[in-house]
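Participant: Listed here are the chains, written in short residue letters.
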Amino acid sequence: SQTIHQWPATLVQPVGSPLSLECTVEGTSNPNLYWYRQAAGRGLQLLFYSVGIGQISSEVPQNLSASRPQDRQFILSSKKLLLSDSGFYLCASWSSGNTEAFFGQGTRLTVV
Amino acid sequence: RKEVEQDPGPFNVPEGATVAFNCTYSNSASQSFFWYRQDCRKEPKLLMSVYSSGNEDGRFTAQLNRASQYISLLIRDSKLSDSATYLCVVNPEVYNFNKFYFGSGTKLNVKP
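As given, the protein sequences belong to chains A and B, one line each in that order. Heads up, the first sequence is in my numbering, so the first residue is 35 and it goes up one at a time. Heads up, the second sequence is in my numbering, so the first residue is 12 and it goes up one at a time.
Hints are all accurate, no fakes.
In silico lysine-lysine, DSSO-like type, Cα no more than 30 Å apart, as pairs: (1) B:110 x A:114; (2) A:114 x B:53; (3) B:53 x B:110; (4) A:113 x B:53.
If you are wondering where the hints come from, they were derived from the structure by calculation, not from laboratory data. If you're wondering where the values come from, they're calculated on a predicted model, not measured in any experiment.
Make the full structure from the sequences, and use the hints.
Facilitator: Listed below in structure tokens is the structure:
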């Protein structure tokens, strides 16, 4: 099965600072990759998904961007964080032949 | 309208009780449905897929009602360890798995 590595696990950043969260996948090739955000007490909101290197689709307009420089690497970025960017960020991977999406352990971001 | 909607709960039930959650979806062409379980401050993990004919896994039964566009999860003989948030997941795509939409989750508290 797939293993999703996400780091860091916890992050506290000041408003206006940049952000870079990284996700790497093991155990598969050419996966679909996803970034979700979960605000406190809320469900998962799909932010971005990617079907291949350099291919990014954005679900909602926001202060964030995503990139996929390699097949199994997905990066979430921001140039200037807002307070509203706080939340639990989850990277997920789905590959053809699997019935489920696998998740990383998440990054808990607090913008102060 | 949201792709997937769930009653947030919480559902507070005693051990041994039977509890059921429903989840409605907006895209009638949706083909794939799942229930995920999320423990506090952890990543979601697949509980079970939902098949058209319904499926059962031990104390858990999932059903799909296409006419009314909802899926359900029934938990029998609730255990303390069942306490978690249950997320309904829908893939609205017909021929690919580019998107997984999550409901906001239903919180279950099983009391002694």
